[in-house]
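Asker: These are the residues of each chain, in order.
Number of protein chains: 2
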Amino acid sequence: MTSTPEGAPHGEDTRHHVVIIGCGFGGLFAAKALRRAPVRVTVIDRTNHHLFQPLLYQVATGILSEGQIAPAIRDVLRNHRALRVVLGEVDHIDPQSRQLQVTELGRQVTFSYDSLIVAGGAVTSYFGHDEFRPAASGMKSLNDALALRGQIFGAFELAEAEEDDERRQALMTFIVIGGGPTGVEMAGQLKELSRRALRRNYRRIDPHNTRVVLVEGGPRLVAPMGERLSRLTLRDLGRMGVEVHLGAMVTDLTSEGVELTKSDGTTLHITAATKVWAAGTSASPLGAHLAETTGVPLDRVGRVRVEPDCTIAGYPEIFVVGDLMALHDLPALAEVAMQSGTHAARTIRRRLRGDDSTRELRYHDLGTLAVISRFRAVAKIGPIRIGGFIGWLLWLVVHVTFLTGFKNRFGALTRWAVSFVGRGRYERALTGRWAVGGYQPTDSA
Amino acid sequence: MTSTPEGAPHGEDTRHHVVIIGCGFGGLFAAKALRRAPVRVTVIDRTNHHLFQPLLYQVATGILSEGQIAPAIRDVLRNHRALRVVLGEVDHIDPQSRQLQVTELGRQVTFSYDSLIVAGGAVTSYFGHDEFRPAASGMKSLNDALALRGQIFGAFELAEAEEDDERRQALMTFIVIGGGPTGVEMAGQLKELSRRALRRNYRRIDPHNTRVVLVEGGPRLVAPMGERLSRLTLRDLGRMGVEVHLGAMVTDLTSEGVELTKSDGTTLHITAATKVWAAGTSASPLGAHLAETTGVPLDRVGRVRVEPDCTIAGYPEIFVVGDLMALHDLPALAEVAMQSGTHAARTIRRRLRGDDSTRELRYHDLGTLAVISRFRAVAKIGPIRIGGFIGWLLWLVVHVTFLTGFKNRFGALTRWAVSFVGRGRYERALTGRWAVGGYQPTDSA
Numbered sequence: 007m008t009s010t011p012e013g014a015p016h017g018e019d020t021r022h023h024v025v026i027i028g029c030g031f032g033g034l035f036a037a038k039a040l041r042r043a044p045v046r047v048t049v050i051d052r053t054n055h056h057l058f059q060p061l062l063y064q065v066a067t068g069i070l071s072e073g074q075i076a077p078a079i080r081d082v083l084r085n086h087r088a089l090r091v092v093l094g095e096v097d098h099i100d101p102q103s104r105q106l107q108v109t110e111l112g113r114q115v116t117f118s119y120d121s122l123i124v125a126g127g128a129v130t131s132y133f134g135h136d137e138f139r140p141a142a143s144g145m146k147s148l149n150d151a152l153a154l155r156g157q158i159f160g161a162f163e164l165a166e167a168e169e170d171d172e173r174r175q176a177l178m179t180f181i182v183i184g185g186g187p188t189g190v191e192m193a194g195q196l197k198e199l200s201r202r203a204l205r206r207n208y209r210r211i212d213p214h215n216t217r218v219v220l221v222e223g224g225p226r227l228v229a230p231m232g233e234r235l236s237r238l239t240l241r242d243l244g245r246m247g248v249e250v251h252l253g254a255m256v257t258d259l260t261s262e263g264v265e266l267t268k269s270d271g272t273t274l275h276i277t278a279a280t281k282v283w284a285a286g287t288s289a290s291p292l293g294a295h296l297a298e299t300t301g302v303p304l305d306r307v308g309r310v311r312v313e314p315d316c317t318i319a320g321y322p323e324i325f326v327v328g329d330l331m332a333l334h335d336l337p338a339l340a341e342v343a344m345q346s347g348t349h350a351a352r353t354i355r356r357r358l359r360g361d362d363s364t365r366e367l368r369y370h371d372l373g374t375l376a377v378i379s380r381f382r383a384v385a386k387i388g389p390i391r392i393g394g395f396i397g398w399l400l401w402l403v404v405h406v407t408f409l410t411g412f413k414n415r416f417g418a419l420t421r422w423a424v425s426f427v428g429r430g431r432y433e434r435a436l437t438g439r440w441a442v443g444g445y446q447p448t449d450s451a
Numbered sequence: 007m008t009s010t011p012e013g014a015p016h017g018e019d020t021r022h023h024v025v026i027i028g029c030g031f032g033g034l035f036a037a038k039a040l041r042r043a044p045v046r047v048t049v050i051d052r053t054n055h056h057l058f059q060p061l062l063y064q065v066a067t068g069i070l071s072e073g074q075i076a077p078a079i080r081d082v083l084r085n086h087r088a089l090r091v092v093l094g095e096v097d098h099i100d101p102q103s104r105q106l107q108v109t110e111l112g113r114q115v116t117f118s119y120d121s122l123i124v125a126g127g128a129v130t131s132y133f134g135h136d137e138f139r140p141a142a143s144g145m146k147s148l149n150d151a152l153a154l155r156g157q158i159f160g161a162f163e164l165a166e167a168e169e170d171d172e173r174r175q176a177l178m179t180f181i182v183i184g185g186g187p188t189g190v191e192m193a194g195q196l197k198e199l200s201r202r203a204l205r206r207n208y209r210r211i212d213p214h215n216t217r218v219v220l221v222e223g224g225p226r227l228v229a230p231m232g233e234r235l236s237r238l239t240l241r242d243l244g245r246m247g248v249e250v251h252l253g254a255m256v257t258d259l260t261s262e263g264v265e266l267t268k269s270d271g272t273t274l275h276i277t278a279a280t281k282v283w284a285a286g287t288s289a290s291p292l293g294a295h296l297a298e299t300t301g302v303p304l305d306r307v308g309r310v311r312v313e314p315d316c317t318i319a320g321y322p323e324i325f326v327v328g329d330l331m332a333l334h335d336l337p338a339l340a341e342v343a344m345q346s347g348t349h350a351a352r353t354i355r356r357r358l359r360g361d362d363s364t365r366e367l368r369y370h371d372l373g374t375l376a377v378i379s380r381f382r383a384v385a386k387i388g389p390i391r392i393g394g395f396i397g398w399l400l401w402l403v404v405h406v407t408f409l410t411g412f413k414n415r416f417g418a419l420t421r422w423a424v425s426f427v428g429r430g431r432y433e434r435a436l437t438g439r440w441a442v443g444g445y446q447p448t449d450s451a
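As they're listed, the protein sequences go chains W and G. Here my numbering is used: the first residue of the first sequence is 7, the next is one more, and so on. Here my numbering is used: the first residue of the second sequence is 7, the next is one more, and so on.
Rather than coming from a laboratory, the hints here were simulated on the basis of the structure. Quantities reported herein were computed from a predicted structural model and do not represent experimental measurements. Careful: at least some of the hints might be erroneous.
[To be verified] Which chain G residues face chain W? A few, computed with CB under 8 Å, are given here:
#1 76
#2 118
#3 146
#4 156
#5 207
#6 307
#7 308
#8 420
#9 435
All C-beta atoms in this analysis are idealised placements derived from N, C-alpha and C, irrespective of residue type, glycine included.
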């Protein structure tokens, strides 16, 4: 383990140094808002790509390719000449000396910062049931989505070859855990896939018999969107044939299936090869690390309780934004991350102009959206609640607008045309190692 | 290991049964030509996708996504109702009992056939140097291309982080072995990538300093295209800055680099993290298996010497087509595979109509093409030799025409617009495990 100083071109640069940890929506928008500021910027991320997480389910179900929702960070920020991208993991933050220890591709590097924007995001949480992890894929990273894609298309291949009725039904059963937007969109897409995209593809199984189960612990689907949209979502999913269990907790989960415990105490066992865990997230471990080194309090899910201007009490040079930030009960949405990231960058710019006044983050709620099936979505925009086709049009406009870069917007539009107007799925190639729960090809030999 | 009989819907079907092994160009075109014939068809392939091999280099360099050159076989052939797709590997062919032993997703299955079309294709050959394999990726499968994509984009990431000058140069050196169309296109694309697509992406390295080396054992590049186009190719690659070594054999290859031995006996060592093996192929092992069970002779590279109608002497019901077939010195080209696959299917249809006459395969040479850079290609069409922009337009028309399915044609066209007119690369996301020769991230810790 060697410790090297920062290399060129930053070594000689004496401008105010902003370090941004994480390049999700929070980090990316902070970096963009610093483009013309008199600062140098270092962006540290564990992956080489920014990820448009709201469309991960479309990669998992073969509609979009990885690259379309995950542009290279370097390429997105290429015109920001005083910005450097580091592919690495933050091991330690020392708020006293204003230094970071980073493992950059296996090598230890120390960075000094003048301002620090921590946008570490969230990770999949199994709510204390880490033993569920090997059998239920999360929905947070590109690797999650690709593993799930192999599992979904692999399950139909195995079902087609399976002689045993019970095993075949298990292979054609998909359980989605979590009734938020991600879970709802995933369940709807799995049903679309089996009803339309796989039509006429098999000779021994009928993909129409695919069972899609959506499990939610609370009493309502997409609860933050209000009761009317929850009801609409439930009705639309029901019409598509998605089996919804509300008020049901997952009390056991293995490679073979799940055990659900309903609010009335009864239990239900469902045998299923594929389990998707969209139930919840917890804050990045960077939150706990900041609590340790700065004494900042955390909320129940490990998020950092920041001041109204997104800084840490006593450390005005440290900002926490996005899903890692706890402020006014703001939800963990892309929109909150974008606005808090931009707010942190603007505060830094103001200070560099000599204005040390404190400005609070004022969140402008642009609404939330969830797609149920092609041409059907639910949308909440301020006091307005919209369902059905108009909701879907809104979804289309918003997602095309926020996809990063012209080519991804255009590319996604053409693929949506192929998938929604047509019936095709581009990305069905099974590559490398693919596995389907406890139902691997080698198990059935 | 259990042996199960064929399942429904074929179990009860007494129609003439055609089994096709392999769904590359040969197998796919045979299957398509049998669509309206009074037969049932079983297509057996080791992967779930047909692969448009001539564009593999575009997946490796981030232009196209996997799905765009690899549509699901089931989906391409979905309207062929009497056709079944089996994801499996052929273990044994018994030409006396007309039976096949197949491992279908880990399970042993026996198939009986009335006609058999063997389109097993070719595999990467290291010409007796199998020890080169771990350090030099082949260019035959989707897994090859994806591994290479991770290696190429990973190499630039590692170079950006590297402190040591020599190691940095090694990471920015790419050696392509083999001066046929695949090698030429790969070398040209690597240069395009470093000169245009990665512009402004890095701060410590300049991708312009990327060294791309193309090694060919013979005296000329793309030799079958004739002397004039070989010269043109050499000149165009030279102008782009590709370093070409003709008459150079790879006498050693490790994770660190290669040793070349020139025809005059001198040796040259080049240190390079990334080595691409595009030097040659040998026939699928199914060729040797057929030689053993039918006594059919093989040619020098293990291809099956067929009769002029693509059948095996003494076994008129067994056809060998595509890259596995040796006939009249026909080259291993997609076009030959398509025409021989179609020829076999037509022969079967004719026989079922009671016409047992023998018709020879008459190959219509539609020409060969290789892209050198954007807007420059070389094309040989009958007696005509075309280079430059007109050659490139021809390449465009031919590849759009032969890509399987409308959505892939349209999708590829939009991506080519993005990559050739623009400068973007869609697919740069590093996912899962990526490795760069002997230069893995963990090595540099």
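Asker: Run through the hints listed earlier and report the numbers of any the structure violates, in increasing order.
Answerer: Of the numbered hints given earlier, those the structure breaks are 2, 3, 4, 6 and 7, listed in rising order.
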